[in-house]
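Taken in order, these protein sequences are the chains called A and B.
Mapping of the first sequence onto numbering that gives the first Met the number 0: residues 0 to 111, in sequence order.
Mapping of the second sequence onto numbering that gives the first Met the number 0: residues 0 to 142, in sequence order.
What the hints contain is simulated information worked out from the structure, not anything from laboratory work.
Wrong hints could be hidden among the right ones.
Claimed, not checked - Derived lysine-lysine pairs resembling DSS-like cross-links, with alpha carbons at most 27 Å apart:
hint, chain 1, residue 1, chain 2, residue 2
1, A, Lys74, B, Lys117
2, B, Lys117, B, Lys140
3, A, Lys33, B, Lys104
4, A, Lys51, B, Lys13
5, A, Lys74, A, Lys92
6, A, Lys92, B, Lys139
7, A, Lys16, A, Lys92
8, A, Lys40, B, Lys104
9, A, Lys92, B, Lys96
10, B, Lys140, A, Lys16
11, B, Lys28, A, Lys83
12, A, Lys16, B, Lys134
13, B, Lys104, A, Lys83
14, A, Lys1, B, Lys139
15, A, Lys92, B, Lys13
16, A, Lys51, B, Lys117
17, B, Lys60, A, Lys1
18, A, Lys51, B, Lys140
19, A, Lys92, B, Lys117
20, A, Lys33, B, Lys13
21, A, Lys3, B, Lys139
22, B, Lys139, A, Lys83
No experiment lies behind these values; they were computed from the predicted model shown.
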Amino acid sequence: MKIKITERYEAVVVELKGNVMGGPEAAEFSETLKKLLSEGKNKIVIDLSDVKFMNSSGLGMLISGLTTVSKEGGKLKLAGMGDKIESLLMITKLITIFETYENVDAAIASFN
Amino acid sequence: MKEANEISYHLTVKSSTENLAIVRDFIRKAADETGVNTEVVHKIILAVDEASSNIMRHAYKNNPEGEISYSFIVSGSECTVIITDQGVGFNPAAVRKPDLPVYIKEGKRGGLGMHLMKILMDNVQYESTESGFNKLVLTKKIA
């Protein structure tokens with residue numbers, strides 16, 4: 000998994016690429032979010048459009064991220080998820096806890 | 000009575016997480032060869048990935064030198080994946096269904112795998128044999 004951070008207007012886009020499967024990368028993701036929050040950047044969009052595969056550990060990583068950001072009064076939104084990830088969120092009934100958008104632009108616009 | 004045609008594919012890999020991609024490819028190709036539809040293939044791949052991750056982490060305690068064997072079998076309208084390892088066995092009855100609201104509140108990360116496997120597949124059976132093998136049988140209707 001690769002992580003790329005882009006600031007767009009008042010929001011931060013955290014782009015995940017490749018296979019999202021938890022492990023040591025989950026710690027990196029968590030640290031990234033904590034650093035952003037410590038800098039007062041709490042409007043966060045997770046761009047999933049280049050994610051090839053996600054398993055339950057990757058899903059757990061997103062849940063953990065959502066909890067971390069929410070506890071600090073921020074917002075974490077998901078954008079660009081493909082059918083496979085959407086299906087994963089549906090069958091685990093976790094789709095309701097995430098705010099999801101078709102693409103990054105729509106997610107950013109929703110902050111206004 | 001004529002028996003249903005059966006076709007099977009087999010793979011053995013070391014218990015390194017680097018091999019998860021090989022396992023996913025193996026299932027994808029075997030499923031494609033046998034004409035299983037794409038949506039079902041994805042569910043099987045995800046379930047097998049969860050099972051494999053659990054074996055690597057819990058049965059082999061992250062030791063990459065263990066062996067995991069896979070048999071992908073299509074017989075009639077059913078697809079079965081048999082996964083065997085020689086790591087530490089476990090009691091599936093002791094694995095509780097995760098409490099999702101608690102998960103979200105506490106931001107927990109692990110423990111969803113077994114739950115997901117059961118949702119994705121029609122049947123999940125596990126046994127630890129006396130000869131030291133653990134056997135996980137995942138079954139899914141494909142028609």
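message = Check the hint pairing A:Lys74 with A:Lys92 against an upper bound of 27 Å on the C-alpha distance.
response = holds (20 Å)
| query | Do the alpha carbons of B:Lys104 and A:Lys83 lie within 27 Å of each other, as the hint requires? | reply | The hint holds at about 25 Å.
task: Could you grab the alpha-carbon distance between A:Lys51 and B:Lys140 and see if it respects the 27 Å cut-off?
output: holds (25 Å)
Q | Pair hint outcome, A:Lys1 versus B:Lys139 [Cα-Cα no greater than 27 Å] | A | violated (33 Å)
Would the hint linking B:Lys139 and A:Lys83 be met if the CA-CA limit is 27 Å? Roughly 18 Å separates the two Cα atoms, so the pair holds.
Q.
Would the hint linking B:Lys60 and A:Lys1 be met if the CA-CA limit is 27 Å?
A. holds (26 Å)
Do the alpha carbons of A:Lys33 and B:Lys104 lie within 27 Å of each other, as the hint requires? Holds: A:Lys33 and B:Lys104 sit about 17 Å apart, inside 27 Å.
- Query: Taking only the CA atoms, is the gap from A:Lys33 to B:Lys13 under or equal to 27 Å?
  - Reply: Between A:Lys33 and B:Lys13 the Cα gap is close to 35 Å, so the pair fails against 27 Å, i.e. violated.
>> Need the status of pair A:Lys40, B:Lys104: alpha-carbon distance at most 27 Å?
In response: The hint holds at about 22 Å.
**Message:** Holds or violated: B:Lys117 and B:Lys140, Cα atoms, limit 27 Å.
**Reply:** holds (14 Å)
Original post:
If you draw a straight line from the CA of A:Lys92 to the CA of B:Lys96, is it 27 Å or shorter?
Top reply: Roughly 13 Å separates the two Cα atoms, so the pair holds.
Query - Agreement of A:Lys92 and B:Lys117 with the hint, judged by alpha carbon distance not exceeding 27 Å - result: Measuring from Cα to Cα gives roughly 14 Å; hence the hint holds.
Going down the numbered hints, you'll see the structure goes against 1, 10, 12, 14, 15, 20 and 21, while the others check out.
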